[in-house]
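A.B. asks: Using the sequences and the hints given, assemble the complete structure.
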Amino acid sequence: AFQEPEALLQQYLRKPQEVLCIMTSMMQGNGRKERNAMNGYDLLEAMQRAAAARRLPPPLRVMISCTAEEVAARHAGADIVVLGNRIKAQNLVVTKLRKSM
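Numbering-wise, the numbering used here puts 10 at position 10 of the sequence shown, and it's gapless, one number per residue.
Hints listed in this document are in silico derivations from the structure and should not be mistaken for laboratory results.
Treat the hints with caution; some may be incorrect.
[Unchecked claim] Subject to a maximum C-alpha distance of 35 Å in a straight line, what follows is the list of computed DSBU-like cross-link-like pairs (lysine-lysine):
| id | residue 1 | residue 2 |
| --- | --- | --- |
| 1 | K88 | K15 |
| 2 | K96 | K15 |
| 3 | K15 | K99 |
| 4 | K88 | K99 |
| 5 | K33 | K96 |
| 6 | K33 | K15 |
| 7 | K88 | K33 |
[To be verified] Simulated DEER-style distance windows between Cβ atoms:
| id | residue 1 | residue 2 | range |
| --- | --- | --- | --- |
| 8 | T95 | E34 | 35 to 45 Å |
| 9 | R35 | M101 | 35 to 45 Å |
| 10 | K33 | S100 | 13 to 23 Å |
| 11 | C66 | G31 | 11 to 21 Å |
| 12 | R98 | N36 | 32 to 42 Å |
For glycine and all other residues, C-beta sits at the position ideal for the given N, C-alpha and C.
C.D. replies: See the structure below:
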């Protein structure tokens with residue numbers, strides 16, 4: 001688990017072919033929003049750009065949050081958007097990954 005989306009992105013950039021899925025929240029707490037720090041939408045967009053630049057398929061991208069807007073999350077690249085139900089999100093991820101293998 002990562003506390004900062006920037007840290008997750010850096011790890012992904014090191015070995016993108018080893019990442020099947022990322023799950024993020026909006027990441028706007030602890031003053032992140034006020035500092036204009038990277039949020040969940042920014043992370044999804046950055047991962048999509050990084051995968052395209054490396055000509056790799058992006059990992060499955062999941063937004064789970066009580067405050068996310070589904071349209072905005074999908075526009076940012078989310079494949080799955082779940083409003084506040086981690087178990088539902090995990091089940092959807094497992095189902096989708098199984099189908100892709």
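A.B. asks: Provide an ascending list of the numbers of those earlier hints which the structure does not satisfy.
C.D. replies: When the structure is compared with the hints, only number 10 turns out to be violated.
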